[in-house]
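Put chain W on the given structure of chain R with help from the hints.
2 protein chains.
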Amino acid sequence: MSPLRFNAFVMNTNSHIHHGQWRHPDAQQVDFESVDVWVNLAKKLEEGLFDAIFFADIVGLYGAGDGPYDVNVREGLQIPNHDPAVLLSALAVNTEHLGLAFTSNVLQQHPFHFARQISTLDHISKGRVAWNIVTGTLENGARNFDLEHLPDHEERYKWAQEYVDVTYKLWEGSWDEGALLKDRERGIYSDPSKVHKIYHRGERYRVDGPHLPSPSPQRTPLLFQAGASDDGRAFAAQHAEGVFIIAPTPEIAADNIRETRRLAVAAGRRAEDVKFYQGIAFVVGSTEEEAKRKEQELEEYLSIDGYLAHMNYAAKEDGTSYPPDTPLADVETNASKGLLTWLRQSITDHEPVVADVAALLSGRRIVGTPEQIADQLEVWQRAGVDGFNIFNWRIPDSYTEFIDHVLPVLRERGLAQTEYAPGTFRQKVFGSDYVNERHPAAQYRGTFGGKS
Amino acid sequence: MSPLRFNAFVMNTNSHIHHGQWRHPDAQQVDFESVDVWVNLAKKLEEGLFDAIFFADIVGLYGAGDGPYDVNVREGLQIPNHDPAVLLSALAVNTEHLGLAFTSNVLQQHPFHFARQISTLDHISKGRVAWNIVTGTLENGARNFDLEHLPDHEERYKWAQEYVDVTYKLWEGSWDEGALLKDRERGIYSDPSKVHKIYHRGERYRVDGPHLPSPSPQRTPLLFQAGASDDGRAFAAQHAEGVFIIAPTPEIAADNIRETRRLAVAAGRRAEDVKFYQGIAFVVGSTEEEAKRKEQELEEYLSIDGYLAHMNYAAKEDGTSYPPDTPLADVETNASKGLLTWLRQSITDHEPVVADVAALLSGRRIVGTPEQIADQLEVWQRAGVDGFNIFNWRIPDSYTEFIDHVLPVLRERGLAQTEYAPGTFRQKVFGSDYVNERHPAAQYRGTFGGKS
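If you read the sequences in order, they're chains R and W. Numbered according to the working numbering, the first sequence spans residues 1 to 452. Numbered according to the working numbering, the second sequence spans residues 1 to 452.
So here's chain R without its partners, still in its complex pose (with noise of 0.2 Å):
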């Protein structure tokens, strides 16, 4: 078996995925506004050989449309929220190895400053920054950016395809190879024949360029994707690196990630160009008691009104949650359709009501010792997924114990790395510092010379 890869999901958030137990007095995501929570958890992350620290985001409060949020704002569920993209220089001064993943949705930056944060980024890090890209998929989300209504799954994605159009041309082709020559005595810093002008002109975008920083280690960051619709899959078919699954099941997964293989390679890429990571949470124990009891604890603090808010089932009009009891059917609800095809995937033995819907997201856990943990990751893995983003109950805590006592068991199966492979976050994982010349971005290469 080869390594499989971990990245730890998190956001800069108190209550991210698991609520409640920010609770518990060794919870340090209380804090989170504090930099050495993360700059701490970078550096133990890194200490475990992880390929990345993947921040979630969103620009919103999951909670119905416009109505009320006191659930969330309550539990600290995911407001307040920071943004991840200025926290991160902070961690790439701490590490050397580790990747610096974060989510931006199309919605939140203007592409022309976005493709200059992340190349500032990529350069500060030495090429360890990741992109997650999201359309969103909150209601009121997008009535912090000047739209009365979020736009259709359709729309978004298709002013997804244009953001990222305007970005890979001012990564891949606004400068040359070689325009950067800092070259003292001829008193040359670029050449000022290989930095271009985009001229780009789209349907909500009109941006000139040249891009303003020079091109960074990875030029393009590596690119992850978690669309689960069908719009979603056919988008990180054409452009993701690394997909972001939450299967129920190995099979499941292992029918997500043929599926979304084949319309890879039918946009012209091969298979190995997509990697998958299924998002799963750990509870370890020395022995199969030990890992019980502390599955017994988290149970103690786990809000299940924070796990209905996050599927957007909590609130009523008044504010009041739906009693656990309450019928899916009977929910007036904003749910994506990715979260109801999961439901229906998952429960197929009775009408699933409110309540499955917190035991659904607090169950996906795996809980054992390390062996029992290693034994279901090859479960997995022989289901073809590459590697996991894990999901945490505390911070540090989740991700020491992981660290600690599982990943040694894995190393000994030949299952985790035992050394960082040298260079930026893409050359780790797939051998090359720039996107192949499959992925879609490596067409606006060498293109727009003559126009500078």
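Incorrect hints may have been included.
Heads up, the list lumps identical chains together, so a pair's fine if it works in one copy or across two of them.
Unchecked claim - As a list, the in silico BS3-like pairs of lysine-lysine whose alpha-carbon atoms are at most 27 Å apart: (1) K428 to K44; (2) K275 to K126; (3) K44 to K182; (4) K294 to K182; (5) K126 to K194; (6) K44 to K126; (7) K43 to K182.
Bear in mind the hints are in silico, worked out from the structure with no lab data behind them.
Using the frame of chain R, we list chain W on its own:
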């Protein structure tokens, strides 16, 4: 005399103000993409008890409209340039007191997201962030952000008014004092009755909120502005806590300061609510002869082409430069009104020619021994200046020399602080963490209750 305040005026680029100097073998700005250059500089500035590192920024190219930019690229003249915002957290974790000021144009980011970045950085730095508000003067910069043309001066300041209004609502009004509880016992992270949407509806922006970050140590960052036009000065008088001026003489500075303070008082603020920082460069020698010799060395590296391009006079339609003796009246230029005003104030004895622009720009310097420099700074202080934004010839030498040789003399005379005051950037400068009640941001405190 009271202590003067000092900021290092820099830019995340190779050639910021004093062009050609990057060719000197000791000039580290050549490698500005390396975070080490900035971390080392920030540490040195903190050792010298500087108030802040102050990043300029532009989102386009100095050059005529949509014309050639060969000189800019060759000189490394503010291209490549990198985003300062994402660099700051690396400096925050390597310093304790140094202020982190940066420029952001209202063009470049949506105010909802920008406000979130600022709050995140203010948390990370424990209250050390300052924002230099600019509206942008570059035609080609506007063309990177979907605009066909730069809006006119009046329109840009109207835009900026709405932009700061959105950010003030988010920073001051969205979260009441005491909203953040982190109460593990009761399971209340924040109090839902104290976190409000802002429902901003304006000409350009529609922003519902709530602000996603919790209140940062300063809430509204310390606000700088540098407008020299009538509209710019009126804006500064209303919003700025620090005004950056580049006066040709102390007398002209005194006039500027008097007029802006008069406008501030007319706007309901007090004269002392606004501090003034003169832009300046130093050439330090242990003797006058050494200073002159060092000045001569600087002259050898100086690039006239660079200074000309910086002020938009370099490029004819074919990309070549105007001869130095071309009367300014004959030059087709995009130069801002502020520059022309400045030239008229500065050159009164002859009809200005192209070479005068470069001479004036490069000449804004004080050359001499530490004692001679201290004498000159006293003259500026008597004109009403509170501190200085110090330009550099070389990073880090220009600052190292000032810190090691000039500051001790200033300290002896009581003209420089001998230790940092505790607390946030605003606490250090004005004695309070938040904007005072006379500032327009203060009007939004406690005004959004009942809308949660």
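Now the hints, each set against the structure:
Taking the closest pair of Cα atoms, K428 and K44 come within 27 Å of each other only inside a single copy of the chain (19 Å); across copies the shortest separation is 35 Å, beyond that limit. Taking the closest pair of Cα atoms, K275 and K126 come within 27 Å of each other only inside a single copy of the chain (22 Å); across copies the shortest separation is 39 Å, beyond that limit. For the identical chains of this complex, K44 and K182 are inter-copy neighbours only, at 25 Å across copies versus 37 Å inside a copy, given an alpha-carbon limit of 27 Å. In the homo-oligomer, the alpha carbons of K294 and K182 lie at most 27 Å apart only across protomers (24 Å), although the nearest pairing inside one protomer, at 58 Å, exceeds that limit.
Only within a single protomer do K126 and K194 lie at most 27 Å apart by alpha-carbon distance; the minimum there is 23 Å, versus 42 Å between protomers. Taking the shortest Cα distances, K44 and K126 sit within 27 Å of each other both inside one copy (20 Å) and across copies (23 Å). Taking CA atoms no more than 27 Å apart as the test, K43 paired with K182 passes between copies only; the shortest distance there is 26 Å, against 34 Å inside one copy.
Violation of the numbered hints given earlier is absent; every hint is satisfied by the structure.
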